[in-house]
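Hey, can you work out the whole structure from these sequences and the hints?
2 protein chains.
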Amino acid sequence: MAAYLRAARRPAALPSSALALRLRGAARAAARAESTAAAPPPAAAPKKSGFKRASTLLWRLTYGSAFLSVGWLGYHIYDGRHPADQLPPDPTKKSLVVLGSGWGAVSLLKKLDTENYNVIVVSPRNFFLFTPLLPSCTTGTIEHRSIMEPLRHILRHKKASVTFYEAEATSIDPATRTLTLRDNSEVKADITETTLPFDYLVIGVGAQNTTFGIPGVQENACFLKEIADAQKIRTRIMDCIETATFKDQTPEERKRLLHMVVVGGGPTGVEFAGELQDFFEEDLRKWVPEIEPDFHVSLVEALPNVLPMFSKELINYTERTFKDEKIDIHTKTMVKKVTEKSIFAEVSRADGTKEMVEMPYGLLVWATGNAPRPVVRDFMSKVPEQAKARRGLEVNDYLVVNGVEGIWALGDCAATKYAPTAQVATQQGAYLARLFNTLAKTQALEEDIAHLEELGNASALPEDKKTIAAEIENKAKSLRRTKRLMPFQYTHQGSLAYIGSDKAIADLSFGDGNNLTSSGQMTYLFWRSAYVSMVFSTRNKLLVVMDWLKVKMFGRDVSRE
Amino acid sequence: MAAYLRAARRPAALPSSALALRLRGAARAAARAESTAAAPPPAAAPKKSGFKRASTLLWRLTYGSAFLSVGWLGYHIYDGRHPADQLPPDPTKKSLVVLGSGWGAVSLLKKLDTENYNVIVVSPRNFFLFTPLLPSCTTGTIEHRSIMEPLRHILRHKKASVTFYEAEATSIDPATRTLTLRDNSEVKADITETTLPFDYLVIGVGAQNTTFGIPGVQENACFLKEIADAQKIRTRIMDCIETATFKDQTPEERKRLLHMVVVGGGPTGVEFAGELQDFFEEDLRKWVPEIEPDFHVSLVEALPNVLPMFSKELINYTERTFKDEKIDIHTKTMVKKVTEKSIFAEVSRADGTKEMVEMPYGLLVWATGNAPRPVVRDFMSKVPEQAKARRGLEVNDYLVVNGVEGIWALGDCAATKYAPTAQVATQQGAYLARLFNTLAKTQALEEDIAHLEELGNASALPEDKKTIAAEIENKAKSLRRTKRLMPFQYTHQGSLAYIGSDKAIADLSFGDGNNLTSSGQMTYLFWRSAYVSMVFSTRNKLLVVMDWLKVKMFGRDVSRE
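Protein chains in written order, with my numbering: chain A, 971 to 1531; chain B, 971 to 1531.
Please keep in mind that the hints were generated in silico from the structure rather than gathered at the bench.
Take the hints with a grain of salt, since some may be wrong.
Identical copies look the same in the list; a pair holds intra-copy or inter-copy alike.
[Claimed, not checked] Below, simulated DSS-like cross-link-like pairs (lysine-lysine); rule was C-alpha separation at most 25 angstroms, straight line:
(1) Lys-1324 to Lys-1411
(2) Lys-1307 to Lys-1202
(3) Lys-1436 to Lys-1217
(4) Lys-1511 to Lys-1522
(5) Lys-1202 to Lys-1435
(6) Lys-1307 to Lys-1158
Please read these numbers as outputs of a predicted model, since none were measured by experiment.
Here it is in structure tokens:
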């Protein structure tokens, strides 16, 4: 059996050609716009001055491209709402079960030829969430519905039907090749638990937050992984402010309540701190002026600096910008304990000494740490080859889970040499889609060859035998070509982060170690356009752009809800 | 002391002239648009044909009015975001405390001259909610943030500062003239309870849902009064659908989960039923086709027909439309008991017999019944004159609470002869604003007169005495005029309701019992424009319009969140 079905370590083959990637979307859109702009034929108007001719041409181009853009947008909107009829599910085909609805799973589903399998998707969340914009949701810069894409929209646009169950997979049994599904949502019926058999399984359930066993974090901190987390933070910011301005509040309590602390200096923590300071500068200080002297954002990081995945230059730029924005960065500060009103952290001084400090806080956002989900831990315990796995499921170069057959893992629940980012999960999803599409083609060819061999054996005429043998040789060549699937190879496209006050940083890669770093307000525009191009659907793209316009026009909402 | 300060029953005076009212907004907007359109001067262009002149004029008018409209919108958006500096709060002035942030309280605050008092607003909700569009929020036709207006926006635009405390008033003590405030939100500080003294108090806390003591309603039903209620319903609709399509679900359970029951045939219940059926027809049946045979909306009403405030003709139209939309109306059906999965109701047959029926349900929305809030009940128990009050605080013709001095009540917490509607509360709020503005003027005049009398007594010259006497006479005349405040008189402007499939009904009043009834799709356009004109701020107006466009373009979101 091939290595992309069964895990058995082998040396990595040649690097694959760079995969089609998220950031390319922007380039494609630009190319599209160019071709659009060039579309209307320039009418040659005789007896006109050069200037007049040029200006006429310019007008026509403008009108033409505006017309085509609107048409293009209209087509996509129409297409989004009017999916074609689908092939019905075919239970005789091999069952391919996909667990999850995040970056990995959705990237796989988008590129998978669903007509080759009986595809079933299981996730406790019936939508895809565009996580990079989640920090913007905490302050209302983006409304949360704008970055949610219903899974049923995606599935309904596939050629063959896909079955979706909103449920949590609570256990994976590699021996019987079945899953246990549980309906954990509020509304329950007689059936809340059932089993689902699979032939092929892709695990893309992501990871969960971890508090590293630090006491008090789970009870007192807000996290930033799901929509509900962002909404909780949004409510809590306003709740802190309203409680701080309550009648007869003491000055110490007011100061505490208005101290907003973010733990974790990765992109999520940095972007959240920047968004929160923006919210204060642009909206809160105007509508609730009495909080002005006490409102304060702090960022706490255990490492010596924030944003370790960015270049030194960009880290320094971020630190300078935060200083200008009056966000305090506390690096080399390790949280040891959290109580209802205070954070206790150990600060490593330059002279090597360590000191315990207390930070009273109103809001604590915990933006660090990933741990395997219970279903993944349970599965690991059933597979001897996963005994040493810690961060997630260990997989081979084809993303097959070590120790089992026909089970793949991708994204944050797989332990690979790559960082647990959306970018990696997306590329892995696209890779697995190619793998499954290839597998289906391979199997079809193998069946054809077997059928031809039977025909050849049964045939009496030598001419027939010869034709059949040639045909078999042909198919076998195709089969060899198809089977030559390269192992997964990640191509880093770069990192982006928003750092507040309309500034962003970008660290872009162009193959072979060529890097481009950029920072400031133009980079923020690039950040915006890159994110909009990455958002999957036309609907979400438009909604995100509308949200940005809305905030520019009206500011953010200060209602506590 | 005047009757508008202290309650003492007296016969109602002449009816006041009709008050400026919400529905008029539409007419004003139209008049504004007309004057806008007429604004640019038509340029007389010689030597042009009549057609050409007319077309030129038309173009200019179009451009001109578009330009002016954008300018007008831009001005309002700019003005909304850039409030002028305010006079600081003046604690030497009389304290006017307003409880609540609903229709009554906000209408009062919008029209009140805040510089005359030390105004303090107390509400557990720091925003105003445009309740008529709440049924649209349950299905995502309108996003909830679009109908929320932060109270601080409204207060920040007043001439003199207004203090706001996000808190619940838990008790009103008429003897010591103090309130007890409690911070009931999640984030708490050292001070969670405090007292607030008042000189004048306006109670506009609204009412709470009541279940009429029917067992099981409180535990199993969703209500429809606040934003959180609408969000809960929205999540629950999708949860029912996802649970119904869970693997191996039984056909009975699937049928039950997809049965959506609304109890209460008033405008809220009818509009919710219509919105829900729209959601199914326009979105759900496309994205989740498997629910099609079982999805079903029922409306249950104890009275013989729905919408008792509308004319017979409109009631019949609504019943016919619901029949076409396949919404079942069960009139003369009184809910007796609710369990987790079933409603038990007593149906009165035409022959006078009664029968108990069981309705299995997935979602139950309880859209009927108002009861006084605990703070109001507690206050009633302290005032002997309120011993017989049941529905709410009994007030005199000037909205003064019977049995106390300097305490007014308006909206759903006051028991008047009018229905507990937004329209009544708004007019009461505007009335009280006039009352307080008048009171301030009266007091200023009285002080002036007292001062002049002193001057007159101290003066020796007969000329001075004469001038002063004339001045006093003048002021006294003003005072008499100002004091002649009419009792509150409600002017019914009409009733509107959306009934699904782009149809609405309207029952409009034009004074002296002249009525106009209208129904259908044109009425729906009127319903929309009336609601948009009623929404207070330019920001909310635009957001509501954008939401409608969004649903037209992309449909509603089927994510469960």
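Original post:
Which numbered conditions among the earlier hints are violated in the structure presented, ordered from lowest to highest?
Top reply: Failing hints, ascending: 1, 3, 5.
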